[in-house]
Amino acid sequence: MNTAIVPGSLSAIARQENKSIAETFVNADLVVIVDTSGSMSTHDSRGGKSRYKVACDELANLQANHPGKIAVLAFSGSTIFCPSGVPTYLGGETDMAGALQFAKIADVPGMQFILISDGEPDDETKALQIAKTYRNKISTIYVGPEDQPAGREFLRRLAAATGGQTVIADRAKELKAGIERLYLPGGR
Amino acid sequence: MFDLFGNPVFTQNKCSVTEHNGALRVVTPYNPRFVALVKSLPASARRFDPASKTWLVDTQYAALVREWVLQVYGEDIGQIITSNNQRLETRVCDVYYLGRTKLAGDEYQASGMNAQKEWIFIFPERVLREWFEGDTRNTNTSTLYGILGILRMATDDEIKSAYRRMVKQWHPDVCKEPNAQEMFIRIKEAYELLSNPLKRARYDAGLTLEASLRDTSFDGWNMAVPSGYRSPLRCGYILAEGFEKLGRFVVQKILDWQDITSEQGVLVASWPAGAKEPTWKWI
Numbered sequence: 001m002n003t004a005i006v007p008g009s010l011s012a013i014a015r016q017e018n019k020s021i022a023e024t025f026v027n028a029d030l031v032v033i034v035d036t037s038g039s040m041s042t043h044d045s046r047g048g049k050s051r052y053k054v055a056c057d058e059l060a061n062l063q064a065n066h067p068g069k070i071a072v073l074a075f076s077g078s079t080i081f082c083p084s085g086v087p088t089y090l091g092g093e094t095d096m097a098g099a100l101q102f103a104k105i106a107d108v109p110g111m112q113f114i115l116i117s118d119g120e121p122d123d124e125t126k127a128l129q130i131a132k133t134y135r136n137k138i139s140t141i142y143v144g145p146e147d148q149p150a151g152r153e154f155l156r157r158l159a160a161a162t163g164g165q166t167v168i169a170d171r172a173k174e175l176k177a178g179i180e181r182l183y184l185p186g187g188r
Numbered sequence: 189m190f191d192l193f194g195n196p197v198f199t200q201n202k203c204s205v206t207e208h209n210g211a212l213r214v215v216t217p218y219n220p221r222f223v224a225l226v227k228s229l230p231a232s233a234r235r236f237d238p239a240s241k242t243w244l245v246d247t248q249y250a251a252l253v254r255e256w257v258l259q260v261y262g263e264d265i266g267q268i269i270t271s272n273n274q275r276l277e278t279r280v281c282d283v284y285y286l287g288r289t290k291l292a293g294d295e296y297q298a299s300g301m302n303a304q305k306e307w308i309f310i311f312p313e314r315v316l317r318e319w320f321e322g323d324t325r326n327t328n329t330s331t332l333y334g335i336l337g338i339l340r341m342a343t344d345d346e347i348k349s350a351y352r353r354m355v356k357q358w359h360p361d362v363c364k365e366p367n368a369q370e371m372f373i374r375i376k377e378a379y380e381l382l383s384n385p386l387k388r389a390r391y392d393a394g395l396t397l398e399a400s401l402r403d404t405s406f407d408g409w410n411m412a413v414p415s416g417y418r419s420p421l422r423c424g425y426i427l428a429e430g431f432e433k434l435g436r437f438v439v440q441k442i443l444d445w446q447d448i449t450s451e452q453g454v455l456v457a458s459w460p461a462g463a464k465e466p467t468w469k470w471i
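Going down the list, the sequences are from chains G and B. Heads up: the first sequence at position 119 corresponds to 119 in my numbering, and the numbers run straight through without jumps. Heads up: the second sequence at position 149 corresponds to 337 in my numbering, and the numbers run straight through without jumps.
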């Protein structure tokens with residue numbers, strides 16, 4: 001159970017303004033969908049930290065810089081909305097299609113989506129099919145190793161299918177820079 | 189007991205327990221020990237009726253009450269026959285004031301007062317939420333739809349007419365509830381958001397995401413919000429299905445809610461802070 005609340009996250013703003021998460025979400029304009037499957041526990045980032053830990057840190061910085069603007073979803077075999085701003089570590093499979101289906105709840109006019117993943121989805125075709133039904137663009141950030149081009153290529157195709165862009169962050173620590181590059185506060 | 193001639197002597201029992209409207213009406217002389225025993229029952233299973241100065245006790249405690257009467261007064265009142273059926277019936281409840289929900293037994297419920305200022309209606313929170321929000325899930329917050337007293341599928345016209353009704357009822361010049369000003373602002377905020385299609389779409393998405401949290405063990409999303417639900421309307425003629433319990437009508441489903449009106453307008457009830465009873469105003 002995650003009870004830590006990241007400053008600037010939807011939960012933090014909801015508490016600050018004594019409003020519900022749903023009301024706070026009205027002002028959000030970016031949904032970050034974070035892959036928290038098993039491979040995110042690989043310790044190949046600075047100081048021996050896992051990709052997951054670094055992703056959490058970078059996302060926390062980002063939410064602090066854009067308070068109330070970012071909704072975080074975590075996925076592996078299932079998908080969880082994480083208003084506290086910390087993507088719940090789930091481990092296991094990479095059901096990207098399920099995650100995109102879940103995130104479609106937020107596919108309302110003006111919303112931006114960024115999908116962060118280091119792995120290959122369980123069902124590429126289904127994930128692409130669902131992505132194509134989005135009214136908004138989905139941009140992607142690949143955080144896996146350079147020597148696995150298949151996952152990177154798939155994320156590029158997924159972004160292209162929705163008119164989004166793709167960024168490669170060879171290490172999770174480059175995530176924040178990647179998101180900042182893709183995210184346009186206030187919409188595009 | 190027999191007299192000198194061997195004839196049986198009948199003594200007048202001081203205590204009696206009878207079933208009345210689905211509850212045991214317990215008539216006994218005052219005895220603090222007996223009162224303490226009755227008060228040891230769950231609050232939802234007993235009630236003192238000031239009009240008749242008797243205790244009303246849930247029929248399931250019949251055997252226990254008989255034992256207590258024997259223990260305290262030395263009287264065996266015999267087996268108490270109870271019908272033990274909670275028959276659902278439909279009634280029009282003239283609710284002149286409906287309070288905030290409080291925990292009673294294992295669920296939150298609000299008490300409702302009739303025109304004679306008797307607290308004779310019980311509205312479980314789930315029933316109120318189902319009527320006002322179309323939602324029986326356990327949350328601590330009211331949705332913006334709930335604040336306006338409309339359902340999520342409400343049309344733009346329904347939103348507008350609900351706003352007009354609520355803003356009149358909660359205007360601080362009219363409503364004397366301590367939170368009238370705050371509620372008035374919330375009603376305006378709710379209307380401002382729900383009457384904007386883009387904001388409403390985002391809010392609906394937020395509600396769905398928020399609802400997904402209820403199936404998880406995550407508890408950090410509504411910690412700041414106080415508990416105790418207040419229905420957005422405080423009075424009305426309420427057509428409801430329910431049953432009689434301890435001399436009160438326990439509502440199980442609200443079928444219709446009409447404002448109380450007269451030639452003077454619509455009745456608005458509110459309870460000013462520190463006052464002993466509600467105030468009413470026609471608007």
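Calculated from the structure, these hints are not laboratory results. Hints may be right or wrong, so weigh each one.
DSS-like mimics (lysine-lysine), calculated; alpha carbons at most 30 Å apart, straight line [said to hold, decoys possible]:
1) B:K387 with G:K137
2) G:K69 with B:K364
3) B:K364 with G:K19
4) B:K348 with G:K176
5) G:K69 with B:K376
6) G:K104 with B:K387
7) G:K69 with B:K387
8) G:K19 with B:K356
Tested hints:
| no. | hint | in the structure |
| --- | --- | --- |
| 1 | B:K387 with G:K137 | 19 Å, holds |
| 2 | G:K69 with B:K364 | 37 Å, violated |
| 3 | B:K364 with G:K19 | 24 Å, holds |
| 4 | B:K348 with G:K176 | 43 Å, violated |
| 5 | G:K69 with B:K376 | 23 Å, holds |
| 6 | G:K104 with B:K387 | 17 Å, holds |
| 7 | G:K69 with B:K387 | 14 Å, holds |
| 8 | G:K19 with B:K356 | 23 Å, holds |
In terms of the numbered hints stated before, the structure departs from hints 2 and 4, listed from lowest to highest.
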